[in-house]
Each structure stands twice: as structure tokens, then as C-alpha cells.
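Participant: Using the sequences and the hints given, assemble the complete structure.
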Amino acid sequence: MKLLFFDTETTSVKPGSICQLSYITVDASAKPQITTGKNFFFTVDEMEPSAEEIHGFSLEKLYELSNGQYFEDLVPEFIDDFKESDFLIGHNVNFDVRFLKHELLTLGEFFEPKNIFCTMAYYRDICKIPKANGEIKNPKLSEVIDWLNISEKQISDTSENYLKAVEIIMMLGLILPQHI
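The opening position of the sequence shown corresponds to residue 19 in my numbering, with each subsequent residue numbered one higher.
Honestly, the hints are just simulated from the structure, not real lab data. Take the hints with a grain of salt, since some may be wrong.
[Stated by the list, open to error] Computed list of lysine to aspartate or glutamate pairs in DMTMM-like fashion (alpha-carbon distance at most 25 Å, straight line):
id, residue 1, residue 2
1, K149, D63
2, K79, D63
3, K79, E102
4, K79, E95
Facilitator: Put into C-alpha cells, the structure is as follows:
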């Protein structure tokens, strides 16, 4: 079984452009298990100020980090990993999948994941963090990590803490296999 844990940073909250794509693939069928991580930055032409406030990437910084390459320039380097994965896994993964599908569709490429698994939805009724009005809220990834008592030391060995945290959640068996 091939699992792909991923996250995106985007130029807005509605489908616009992906400016960073980070992921870890885990081939659980290989012995020993094979784990690979990849991180891509993309040049974009515009950015909503609110998006830049969230991730901190300016247009100039993205140009520098991506060496001037756009999403379409790098698709061949990652698309097979996504197409060959049995599960796409992430925190609020529907948001990321929506952006990925939108970006690919603008290039004439249709993409539909085989299966998706959302850690935010999974942990919502487990963490049971109340909103001010008493309803249960969708937990932030940091809140899930706190709830699981995963220490900063456990996730500080990678620059992609988000992806490492999701991988740790899986490795520790904290998402039951029947839910994947």
C-alpha cells in the first residue's frame, strides 16, 4: 500500500495557485518500508495578503526558492507519486486536493485520488475540542499533536514538521488501519 502525506501552501483560500507542495510517500508494501520526502516551491504571479501572512512567502521569496519555476514546470517531478498512491492523507486534505485538482485541470490534466484520509475529520470527535458556543470544532494540527502528547523533539528532526507529525501519527498507530 502506498500512502502519500501532503500539505500545500496557497495564494488564497479559493482555488488560485499552489505556491508550495510538500509530501512524504510511504510504500508500506516494500520490505523494508520505503519513505521518501519531497518539497517544491513555485513562482506565482499574485498573492492575497492574507495568504502571505499565513505562510510568510512573498512573491519575491517564492521566485527565489523555486528558481523561477512555475507549478506546470515541475508537475512531471511529482505527478506519478500522486497517481500511484493508494491514499492521499493530510490535515484538512480536501482543501489541498481541491487546489491540486484545480491546478492540474488548468493544465488539461484530470486527477482524481483513489482514496483520501483527513486527519482533521478523523480527530474531530476524538479530541472533542469545544468552540465558544459549545459545539465541537475541527482541531488544528497543533491541537492534535498536543492531544497525542507528541513532543517537539519527536518532530524537530525535519524542516517539514507538519508532514513529520502526520507520519508520526501513522507510525504510532494512532490512526487505526481500518480507517485508512
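Participant: Mind listing which of the numbered hints don't hold for this structure, in increasing order?
Facilitator: Of the numbered hints, 1 and 3 do not hold.
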